[in-house]
Amino acid sequence: MDAANHLILLGGGLMLAAILTGALSTRIGAPLLLVFLGAGMLVGEDGPGGIQYSDYGTVYTLASLAVAVILFDGGLRTSFRTVRRSWGPAAWLATVGVVITAGITAAAAWSVFSIPPVIALLIGTVVASTDAAAVFLLLHQRGLEIRERVSATLELESGANDPMAILLTMLLVSIATGTLQAQDMGLSIPLSLIKAFVVGGALGLAGGQAISWAVNRLMLAPGLYPVLVIAGALTLFGLSHTLGGSGFLTVYVAGIVVGNQRLRAQVVIRRFHDGIAWISQILLLVMLGLLVTPHKLVPDLLPAIATALAMVFVARPAAVALCLWRSRLTLRERLFVAWVGLRGGMPIYMAIIPVLSGVPEAGLIFNVTFIVVLVSLVLQGWSISAVARLLRVEIPPAPEPQGRLDIDIPSNLDQDIVGYTITPDSPAAGLSREDLRLPGRSRLLSVLRGNVVVPEQGLDHFQTGDFVLLLTPPEQGLTLDRLFLAKDKKTRRVALADFVIPGAAPLGSVCDAYEISVADDQRQKSIGQFVSDTLGGTPGIGDSLLAGAVELVVVQTEGDRISSVGIRLEPDHGAAWETVVPRRLLSHIRRWRLRRPA
Amino acid sequence: MDITTLVSPENVIPNLKATSKKQALQELARHAAQITGLNERAVFDVLLDRERLGTTGVGNGIAIPHGKLAALPRLFGVFARLERPIDFEAIDEQPVDLIFLLLAPESAGADHLKALARVSRLLRDRSMCEKLRATSTADALYALLAASEAQAA
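Protein chains in written order, with UniProt numbering: chain A, 1 to 598; chain B, 1 to 153.
Simulated from the structure, these hints should not be mistaken for lab results.
Every residue, glycine too, gets a C-beta built ideally from N, C-alpha and C.
Hints may contain errors.
Listed below are the simulated DMTMM-like cross-link pairs for lysine to aspartate or glutamate, each with C-alpha atoms no more than 20 Å apart in a straight line [said to hold, decoys possible]: (1) B:Lys68 with A:Asp512; (2) B:Lys22 with B:Asp92; (3) A:Lys525 with B:Asp97; (4) B:Lys17 with B:Asp139; (5) B:Lys22 with B:Glu93; (6) B:Lys114 with A:Glu515.
Residues of chain A clear of chain B, computed beta-carbon distances all greater than 10 Å [said to hold, decoys possible]: (7) Gly12; (8) Ala306; (9) Ala513.
Bound-form chain A, shown alone (with noise of 0.2 Å):
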């Protein structure tokens, strides 16, 4: 009795404490992750907390929990988008890069501990999957933005390097325990490979959906819906499992799929997921460190460090090159991919599976891999914000529109209600129902002025303080934005190039004015058209391109198409580097090939 209400303080108190850490400092980042694993180890056997815990089976259940949650709230916040733009490079690193990373850092590990191959082996795969959480924590703590292109490409792989690791280190168990034999070998492993990716992936599409369709059809108590969502995906997670699928592949999908439609009390299962996620995360590493016996983690220190400086600066940068040989990527971007290898709870929950298996070593394998995490989060994490600047992927964030009121209504009805306060420097002040111009299908509903409603026939101007009410197709609530807000101060736009140009600007003027040169039958192009082209893709802001002595920087974006672009008079020069070579080379190649026959 008295134990489990100590548990719960325990439990209690450290979710408070974290949260209070959390809240004291937003550039907190990677240090927080630090705090939940040291508070695990705080109240551990070699803490002050003195707690002899050693139930790696409890841990293995309840970290598998957190990690479906993690996955899932991590699919809930990737956009289609973000899919779109990176799942090319995000899957040559979630499964080739995985291999890539586990091979060279088993080899480190094979070289510094006399174990034999398939342990260091172990220890490679599972410390070889970027842990989700650390990643998309770390990528979005406040006053860092990254370029979209590179963070895309990092939370993809993230989220979908999990199965491909956990399924190497099930394979790796059974073959270091002998449950596996060497006949087996030859078509059972890809096979069951393929199998988990399809199946798993399969079902997060489909129960994706059926949880969509659940959640938009079903009446409900208002506060059951997150709880329908999160039973849902526990639910695939479990199912998919036992059909031989990738339960962490099935949620993340699932995640996706739920994230991106319209849902009824959308903004509360999004809430609720991220404290769920949160509480997940705390759990996790708590546990971890609980589990973790410090003293005797010491023997293994200067081998385990070797391991982890090998996993960060050679496996991961060459899984990096080797996976982005043909992305669109500049050097300076790939560098920050290789560098943002962040390790965290999942590796640790992945060292957990060969002790449950009885593999021998397990113990060192357990141990190894905490401080390979340990070390990643303290070099990578904590130099994250540090490396984007010196590698110039950050782009000054966004304001964030303020001012607009936005209303859930059911989704199958394709609308929005979004309601302005009209304020002195809003464009709509003081001008009448005619002169408002409002997009196609939008409609205005009412106009509040002082507590009364403004009928239709009573309302010739617009006034400051009216609160306005308008149901709109949610992709012109941009086009209402501009309309009702004041006007921001764009400063994101005048920190990224030295002059800004709209998208809509032909060409061949912009070509004559900075020493740029085409060809002929590109002049008419607006210039927006020709960085997109030449970009390929869809763009993302901070995208950019060397034109001549000049580099090209998308600064605006609507949709798929650029509005706004950027001249640097300086440019980067790692993108230089990367674009003028070859170039030259080319001429020169050329120029070599045209003198010969003369």
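Here the structure of chain A is known, so what remains is to put chain B in place on it, guided by the hints.
Chain B alone, transformed into the frame defined by chain A:
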């Protein structure tokens, strides 16, 4: 690229009077024409052409109108501090009170871009802008611009 190779003390206007963007550009074109002997109308048209492409009001109260003229022998700059801030259609929609006009010969090529980059970097420096705003004589403004060289070097 030295700022002092672009402007001389006589090309610093400490209190330009203008009420609109167009008027400011006209005044600057007139000043540039007087000193270089260029056609005032030609200078103004070149500047206006560039503004049509997109504003050169780069934000934080700064504008850097620029353009190329075949008849110009060398890079030429005019720095003006406005008596009253004006609407310059700047990208941050803030009124503009510091203007650096840069004209380049048609053949300047890379030097034109270098000079432009130099000016842009100079006026991105917030503390420099504050000092310029707090200074009201041509000589003192020129001294500030010239002193930025020493720091940059």
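Which of the numbered hints above does this structure break? 3, 9
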